[in-house]
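Quick mapping for you: the protein sequence lines, in order, are chains A and B.
Take the first sequence: its letters are residues 1 to 295, numbered as in the numbering used here.
Take the second sequence: its letters are residues 296 to 953, numbered as in the numbering used here.
Please note that a few of the clues may not be correct.
Computed cross-link-like contacts, EDC-like style, restricted to lysine to aspartate or glutamate with a CA-CA straight-line distance of at most 16 Å [claimed, not checked]:
| id | chain 1 | residue 1 | chain 2 | residue 2 |
| --- | --- | --- | --- | --- |
| 1 | B | 446 | A | 239 |
| 2 | A | 186 | B | 879 |
| 3 | B | 927 | B | 879 |
| 4 | B | 329 | A | 173 |
| 5 | B | 329 | A | 170 |
Simulated from the structure, these hints should not be mistaken for lab results.
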Amino acid sequence: MSADPVVSRDDLAETVHESTHEGGAHRDAGHVTADGRTIGGVVMEMKNITLRFGGVTAIRDISFDIREGEIRAIIGPNGAGKSSMLNVISGFYVPQEGEVWFRGEKRPWMRPYQVARQGIARTFQNIALFEGMSVLDNVMTGRLTQMRTGIFAQALWKGAAEREEVANRENAERIIDFLEIQHIRKTPVGRLPYGLKKRVELARALAAEPALLLLDEPMAGMNVEEKEDMSRFILDVNDEFGTTIALIEHDMGVVMDVSDRVVVMDYGKKIGDGTPDEVRNNQEVIDAYLGVAHD
Amino acid sequence: MATTPAGAADLRSIPALLERNVRAFGDAPAYREKEFGIWQGWSWAEAAREIDAFALGLLNLGVAEGDFVAVIGRNRPYLYWAMVAAQSVGAVPVPLYQDAVAEEMAYVMGHCGARFAVVADQEQVDKLIEVQERLHQLEHIIYIDPRGLRKYEHSRLHQFSHVQDQGRAAEEEFAPELERRRARLTYDDICVMLYTSGTTGKPKGVVLSNRNIIETAKASAEFDALTRQEEVLAYLPMAWVGDFIFSIGQAYWAGFCVNCPESPDTMMTDLREIGPTYYFAPPRIFETQLTTVMIRMEDAGKIKKRIFDAFMAHARRVGPAILDGKPVGGWDRFRYWLGNILVYGPLKNVLGLSRIRVGYTAGEAIGPEIFDFYRSLGINLKQLYGQTEASVFITQQPDGEVRSDTVGVPSPGVEVEVRENGEVYYRSPGVFVEYYKNPESTAETKDPDGWVATGDAGFFEPDTGHLRIIDRAKDVAKMADGSLFAPKYVENKLKFYPNILEAVVFGAGRDRCCAFVNIDLSAVGNWAERNNIAYASYQELAGHPRVLEMIQNHVEETNRSIAEDEMLSACQVHRFLVLHKELDADDGELTRTRKVRRKIIGEKFDDLVTALYDGSESVYTETEVTYEDGRKGKIKATLEIRDAEVVPVRAPRKEAAE
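Same shape as in the complex, but just chain A (with noise of 0.2 Å):
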């Protein structure tokens, strides 16, 4: 993606370095990557994370951040708790050891939506999207949280609630010209073949005009087509809006093709951090995915 690795690549890890030591709650400059964008100070960090179920420890003792403007990758194999580090990230599920810090603040204890109120939006590995509901409406839906007139102003639509729902039209509409599919608008989701379901889901989390953006499996299952296309539209959002964004996924190739930091993760461990040039030379990486034999 960059032209010129060697000098962002640096800078990154030197920032990286400095803001761990000063906890996350300090914001830095921010710097401009070889390719024109502007990564910014943390956004949000995870510190010694451990996640249990029962017995079975998902999650083991895991810290990473996410700084603002950057495409950050969470890889690794099958079982190796990445669903389970966004779930986290999302507020889905609370990790019964560490901190999850948000803007510089540490975040207590929240509901999935008041998560989604901070500026936090996701897209599920199996699309969750209302398969009877228009492209648009789906889409629309992302607004909610944006919503601020209440239920009886918006059932008689007059004044506020009117010129609400215009304005959040349009934003509707602008990212549906920007993931370009306007012929789908009034088609029900139901009936729209899987690459377009994921892109729809892609529409509605971007509506909520996140602050961070969590990407669950964006690829899985699509054809080369297809992940180019979707690679394309990553890209694209991070470069037009400057979303932070959060991505898992197991297929290697996109992930170093498309992201800036790249965590690695086996049997819950974090076994790798840095770009993806570092990721791809890191012995352990090599034999989690290679298959070594584990004690």
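Assemble chain B onto chain A, guided by the hints.
Just chain B now, kept in the frame of chain A:
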């Protein structure tokens, strides 16, 4: 559109027409584009301001008079403005096909030496950057949609709206220059340069002057009484001469509104929303629409289906006559009126053709039943015959004289003549100036008196004066007895049957015609399924006796229809066979645009041709084929040859004349 006599003399360029439109009806809509789910509109006055701003921006970037400005992208108001802005500063717009690969663009842009390119988006910018090394003249690329282009190096790359902003900022400095240049435009200046797709060799740049475009727009707008109330949907490639005439020439002359669809995929929805009154589509689009309707009717409930069938049968009987204003009985009229409420009206609405006043199709032959279907609904669908070199119009069908087998009478101001060899020539105010930097081709095509060879063979029907195109001139030949042989005419008739995908007719220099037929696997396969005919392969289906039976019926029907035509009655197909493989471009039998390569097929299947003519009942053959992965293989087959019944013909013309 009435113009003041004083004004008419000044209307010598597209920018002058724009000025007239702003003065006469500045608030009327000029452009609409659906974006963000809503139709956004610009009046003539607003469009003129946008065009001026961009023209000033171009001056700011240093456009000189006579420069070429390439325009690449799908139909969008911005690109139309870019073309008119280029004309305003004395430059020449060169629209290019947006789906062309970088190589093709490199050739065209290198050939005209374009200094500027106005393109739609990142995709087009990338293509130009890919070949920029070879394009020494190309100085600036201006793009409309900034998406994905943020990181690009911007020293020679500009965003459309920024160019406009800079133009507005520099208005004081450049406005007088813009005025000067606009005033200098004459009738003989180049209006636009369009590259023909070029089936043989490299594309040729057709230079069309203001005179060509404006005279043609004026004559054709009067022919169909186009007013500024028309609505058109601009969806055909901007690089095609038709779009330039419809969306710029006629639109500026008559002052009607040009609507641009949201995206290529939403064309049908946008068509319904706009409901154009003036519409052009190639036969393929009409065919697809009809098929969609028919498939949906097959799935409809019994009662609905029966109502549909009954009224459609009635429409087929009286619809065209009502459309042409011929006398029709009161009862029939009543039933048609009822049908309009129940079936035709809603159907036209679904097709987006409710408001059509004038519809045209051209480009290739249209099946008579498709043509009649639309006409019977009351849609005034007509045919025209044209070329880039003629600024489109050569002949067209007047209202009330429409038939599927002619292309109409010469358009106003066009002289047409058929020379001894049967080739059609024309001369008109729309005839192109020259092929850019290609005097040899210009001389070959256009003689000093201004007559242009079309390359098509045809004849005028004696009683109606309508022109009928029979074939490409180089394909037309004589049979052994001297009668006319027009293979494509027969092939087209055969191909109108859904079961026949391709047909190749032989007969040049021979005593009778014979044909190869390719079945359409989807249509015939569907038919086989419904009739419980089992088959394991294409080859087996193609050789099935009942399939042969069916094809034989089609061939005989075709023969009967050909026999009605005095000139071509000798072209009836005496013997035919159904090919054991589909003709394929990979095997060199078709061109990439799916046109039959008659000569190559004749050589390749020489044994089959011989068998057709030596009277044998079946023939064994081996054919080499290329698979999709490039491997080669052989197909062996024994093909049955059938005799088709022919209608006895009166003695060939040569003898009859004696």
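Results for each hint:
1. B/446 to A/239: holds, 9 Å
2. A/186 to B/879: violated, 39 Å
3. B/927 to B/879: Judged against 16 Å, a Cα distance of about 13 Å means the pair holds.
4. B/329 to A/173: holds, 11 Å
5. B/329 to A/170: Given pair residue 329 of chain B, residue 170 of chain A holds - Cα atoms ~13 Å apart, limit 16 Å.
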